[in-house]
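> Residue numbers (numbering that gives the first Met the number 0), protein chains in the order written: chain A, 0 to 364; chain B, 0 to 595; chain C, 0 to 331.
Hint data in this document are derived by calculation from the structure and do not stem from the laboratory.
Source: prediction; values computed, not measured.
Check before you lean on any hint, since a few could be wrong.
In silico lysine-lysine, DSS-like type, Cα no more than 30 Å apart, as pairs [stated by the list, open to error]:
1) B:K476 to B:K448
2) B:K235 to C:K31
3) B:K520 to B:K540
4) B:K125 to B:K50
5) B:K392 to B:K475
6) B:K448 to B:K343
7) C:K246 to A:K110
8) B:K58 to B:K141
9) C:K73 to A:K150
10) C:K31 to A:K86
11) C:K292 to A:K30
12) C:K31 to B:K233
13) C:K141 to A:K110
14) B:K233 to C:K73
15) A:K170 to C:K246
16) B:K449 to B:K419
17) B:K433 to C:K141
18) B:K235 to C:K73
19) B:K477 to C:K31
20) C:K73 to B:K433
21) C:K292 to B:K476
22) A:K86 to C:K246
23) B:K475 to C:K31
24) C:K141 to B:K476
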Amino acid sequence: MTELNKTGAAVGEPTSDAKAPTAFLEVRDLKVHFPTDDGLVKSVDGLSFQLEKGKTLGIVGESGSGKSVTSLGIMGLHTAGQYGKRKARLSGEIWLDGTELLSADPDHVRKLRGRQMAMIFQDPLSALHPYYTIGQQIVEAYRIHNDVSKKVARRRAVEMLDRVGIPQPDKRVDSYPHEFSGGMRQRAMIAMSLVNNPELLIADEPTTALDVTVQAQILDLIRDLQKEFGSAVIIITHDLGVVAELADDLLVMYGGRCVERGPAEQVFYEPRHPYTWGLLGSMPRLDREQQERLIPVKGSPPSLINVPSGCAFNPRCPYADVPKDNLTRTVRPELTEAGSRHWAACHMSREQRERIWIEEIAPKL
Amino acid sequence: MTTQRTSGRRKQAMAAAAVVAALLTTAACGGGNGDEGSKDGAAGFDAANNKVAQASLAKKGGTLKFAGAQDADSWDTTRGYYGFMWNFSRYYSRQLVTSKTEPGKAGTELTPDLATGLAKISDDGKTYQYTLRDGVTWEDGKPITSKDIKYGIERVWAQDVLSGGPVYLKDVLDPKGEYQGPYKDKSADKLGLKAIETPDDRTIVFKLPKANSDFEEMLALTSASPVRQDQDTKSKYGLHPFSSGPYKFQSYNPGKDLTLVRNTQWKQASDPIRKAYPDKITIKFFSNANDMDARLIAGDYDLDINQTGMSPQGRTTALKQHKGNLDNPVSGYIRYAVFPQTVKPFDNIECRKAVIYGADHVSLQTARGGPVAGGDIGTNMLPPAVPGAEGQKYDPYELAGANKKGNAAKAKEALKACGKPNGFKTTIAVRNNKPSEVATAESLQASLKKVGITADIDQYDGSQSTGIIGSPSNVKKKGYGIIIMGWGPDFPSVQGYGLPLWDSSYILESGNNNFAMIKDKAIDGLFDKYVTTLDDAGKTKIATEINHKVMEGGYYLPFVFEKFINWRSSRLANVYTTDAYSGMYDFVNLGLKSAK
Amino acid sequence: MLAYLIRRLFAAVVMLAVIIMVVFGIFFLVPKWAGVDIAASFVGKQADPAAVEAVRQKLGLGDPIFVQVWEFFKGIFAGRTYAAGGDVTHCAAPCFGYSFRSEQAIWPVLTDRFPVTLGLALGAAVLWLLFGVAAGVLSALKRGSMWDRGAMVIALAGVSLPIYFTGLLSLAIFSYGLGWINAEYVPIEESFTGWLGGMILPWVTLAFLYAAMYARITRATMLEILGEDYIRTARAKGMREQVVIRKHAMRSTMTPILTMLGMDLGALIGGAILTETTFSLPGLGQAVLNAIKNQDLPIILGVTLITSVAVLIANLVVDVLYAVIDPRVRLA
């Protein structure tokens with residue numbers, strides 16, 4: 000099992016191999032640090048993953064876990080338009096379709112943005128310019144990468160709006176963002192992102208600002224579009240429910256690092272990290288009685304300046320004392336195998352975790 | 000005695016040094032005083048002070064350019080009260096008699112203008128008769144008649160419409176206020192004033208109910224100018240007065256600019272005093288005095304219409320670099336502190352004396368601007384240009400002598416005599432819009448502190464002074480024991496200066512100027528005697544007496560006999576200061592050296 | 000959009016009426032309560048009771064206050080006649096009062112001086128917008144650089160140095176000292192170049208002060224806007240950074256600047272008192288200063304009204320421009 004996984008995995012273990020990767024998107028040991036007056040904020044501190052075209056990766060974590068920073072890092076948005084001397088420090092490698100982005104010419108990365116990789120933001124109201132019509136903003140996105148007339152671009156915009164399910168797209172194309180409902184706005188945002196048929200689509204909390212019924216519609220839309228365009232999709236969310244059905248693989252982040260990663264069903268049904276358990280506990284489920292309270296992950300996210308020594312999760316972990324020799328508080332756990340293409344970073348033994356999951360956690364969920 | 004002699008000697012030495020320095024400066028500039036002028040054309044420091052500079056260089060033509068920071072109160076001859084307005088009005092208005100166009104003291108003498116000669120006075124000084132010259136005309140060519148003069152004087156009665164000007168003529172010709180003024184005059188020709196008769200167009204007779212020895216001075220005031228009935232625009236007359244002089248109004252924008260051009264109907268032969276050199280006379284009003292001074296120095300303008308002295312900044316530059324363009328005349332104003340007797344303890348003469356002795360007079364002079372820009376230490380209350388004045392020779396409290404730095408011992412003595420051996424508290428009232436007055440108040444406050452008198456300073460709204468210090472009840476209520484003020488003569492006589500200040504009948508409920516509340520029968524009597532004394536020697540003697548009485552009463556603490564520094568451009572010719580207008584340049588006969 | 004305009008216009012008219020009432024109250028009621036005789040403050044050095052009485056009659060100060068307000072309103076639309084003691088003065092509509100000091104109707108004084116002030120304000124505004132906004136944008140984009148620090152120090156100086164200091168300094172250097180500029184006001188109808196020469200220092204002086212303020216505001220706003228989500232969206236589209244700044248950030252940055260501009264222009268049109276005084280420009284500000292010196296209440300009243308109207312109009316224009324720039328406003 001181990002041997003096989005190390006060589007043939009689609010979403011594989013970090014490899015120190017410096018050669019160009021085979022995966023469509025491969026992130027290797029990505030670090031994003033921000034110098035501040037209080038110290039260095041290590042928002043992402045050594046993250047690796049791979050993603051193939053047509054597949055969907057869900058990145059899950061609390062706010063501040065580094066998931067959004069990761070996505071902006073891939074898009075190259077930490078360096079674009081960062082004025083002044085307090086620039087973000089990025090290291091590691093981001094390979095997109097054979098090109099390493101961090102060391103590439105920023106203008107080249109800019110040209111990839113919006114065309115090869117596109118992004119959907121959390122709050123479409125603030126992410127769309129309030130002074131321009133939806134149409135103008137889609138047209139703009141199209142014409143940056145396509146040398147076409149405004150007329151052609153407008154036709155394309157109407158077509159895209161129609162595609163994402165906006166009624167009367169030829170009229171709504173001239174509406175301003177504030178004239179749209181929240182769901183419509185997000186559809187427009189998606190239309191804008193997809194206008195150039197990107198191969199990588201990053202959706203950063205695409206449904207958080209929307210109400211529940213609309214959430215489902217948007218997620219369906221993303222899934223349909225992915226099937227149609229065959230893009231690779233990263234969905235970033237703090238809500239496991241969002242990605243449960245959508246994602247092929249899941250990556251759970253905590254304190255700027257990956258704590259668990261694997262195929263979605265595995266992470267869902269056989270999670271092997273106490274933090275993932277916590278997340279599952281805090282997930283609202285339709286099949287549960289309403290009065291039963293959600294089990295939140297106790298405590299607050301770790302400081303990214305003074306990251307707790309050992310396992311970053313140890314102050315909040317109810318099982319921190321299970322491993323011997325105070326290991327959780329002194330040594331940082333590395334990702335270890337927890338199943339087929341499934342890794343978790345925990346000092347407890349695989350058996351211990353399996354037992355806790357089956358005996359203590361799963362019945363309560 | 001010894002110190003005094005030394006200081007006298009030192010003064011002489013300094014004066015000599017100054018003269019030598021002045022000579023060297025002018026010599027270095029390549030020219031002497033007078034008509035030759037220096038290289039840049041400046042006549043030299045004080046060259047026009049009480050003497051005529053560059054008289055022969057005046058050419059006909061050119062534009063004489065005045066600059067000013069303050070427009071006239073009104074250019075209406077009846078309504079104007081500012082000294083520079085009176086001075087300037089001679090360009091466009093004539094009177095029966097006017098001041099001589101001569102420098103210094105000679106300027107205060109009267110000379111016939113529209114009239115053929117000075118008044119024929121009869122009936123113990125109660126009848127004045129004049130005959131008009133031939134060829135005197137208005138700007139439309141019609142002759143000026145005795146009726147026009149009468150009508151012009153009658154306008155003074157219309158105070159409801161034409162407020163602002165001096166009312167001496169009204170008080171003297173109609174003391175009971177029987178005449179209602181021309182606008183309410185029921186007679187057909189609107190010439191119902193009985194005290195003036197016009198038997199024919201060239202004869203005018205004034206019949207005074209009571210003699211006044213200064214009456215002819217009053218006829219020389221601008222408010223005695225002729226006004227033609229059909230040209231009287233009443234309250235709007237000041238926007239475009241109808242000219243009887245060599246120049247007429249071309250345009251006037253209040254607060255902005257004024258342009259006079261030649262009155263082609265005016266004939267030189269009909270006018271014995273006006274030379275009418277320039278073709279055009281302009282005034283431009285500035286809102287920034289520093290900017291104005293800089294432009295004077297730059298040569299963009301010829302002189303300051305306001306004639307109140309340069310601003311400190313301009314003065315410093317001018318004294319350093321262009322001293323030859325400056326004159327340092329005595330202004331005719333006395334700056335002083337006055338003690339209302341209604342405010343305790345100033346009802347007691349000894350307490351008043353304590354302040355007079357306690358004050359540091361050199362420091363007060365410095366606060367006014369020092370000996371050059373401020374003036375000599377004032378020692379009495381009669382301006383040097385007024386007949387009967389003695390200047391610093393009369394110094395009853397030795398303010399410019401032994402006590403000039405203040406005499407604490409004498410002040411304490413006076414306090415003891417006043418019954419306040421430990422001093423007292425009082426308030427100094429001072430206008431907030433006059434920085435040098437505030438400075439004198441502070442100086443006074445500091446020196447009084449040393450003798451135990453604590454004085455608070457109340458800076459009141461200077462534009463409201465008639466209602467604040469002009470109201471005796473308010474002065475008493477606020478406890479203004481010391482009021483800082485200044486005063487200049489309306490015409491050069493003790494009446495024209497001191498009557499409103501010192502005569503008990505001039506104590507008013509509002510607009511009062513007898514701040515000291517002097518009710519001295521002796522002074523009132525002297526004024527009564529003065530107005531009926533017709534000979535100049537007698538008048539002079541009474542003037543001196545009045546001054547002495549006022550000083551002996553200890554009502555006033557004079558600060559300075561004011562002097563100021565005025566600018567004259569190098570283009571100016573026939574330029575001199577005159578005591579007729581408190582040391583201003585005599586505008587009417589200014590000329591330019593070049594017609595360009 | 001039309002409904003929005005009508006609503007704003009209506010509000011402006013109501014506001015104008017309120018302003019006239021308040022101004023009238025300040026000038027005629029408050030002195031009355033304070034026990035100051037308004038008539039007396041209209042008369043010269045020798046306050047002859049007859050003169051005071053005449054002014055009282057002319058102004059109708061004896062009438063009930065609402066009659067006075069009515070007369071004042073009526074004067075604006077129908078003109079007004081002042082009469083007392085056989086002297087009749089007609090003040091043609093629009094009559095904003097009459098100065099008994101300088102014997103002039105106020106309206107012609109205002110219309111005569113208004114172009115000077117307008118020229119000063121607009122010319123300076125062009126300068127300060129050009130330089131202030133440019134400096135602010137550059138500072139924001141180069142935050143923390145030498146340029147940014149230098150510009151902000153100069154801006155701080157500009158904001159803190161009073162006009163009469165910078166104005167006099169510029170006069171001393173360029174006009175009296177180097178003699179490059181005559182700097183004396185010449186009406187534009189007399190000579191355009193003369194007018195330019197006379198206005199250049201006032202423009203620069205005034206613009207220096209405002210450019211400094213605008214640079215600071217622009218910088219702060221720009222920095223805030225650059226942190227907005229829609230700027231990130233624009234970048235995520237692959238847009239060139241210059242286009243992001245020009246097309247997306249600038250338009251948003253203009254909104255607060257426009258508000259400020261409206262207020263500032265309105266206030267300046269009421270008279271840039273310090274600038275006009277320093278440079279002896281015959282504008283409304285100078286008129287007001289002279290009027291204060293001479294206790295010429297009607298002029299002060301007239302200029303106060305004009306200022307209020309100018310601010311009102313400026314705000315109206317800003318409101319309209321707002322609607323043009325920001326589509327969300329059209330709904331509000």
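> Check each numbered hint against the structure and report the violated ones by number, ascending.
Per hint list: 4, 5, 9, 10, 11, 17, 20 and 24 violated.
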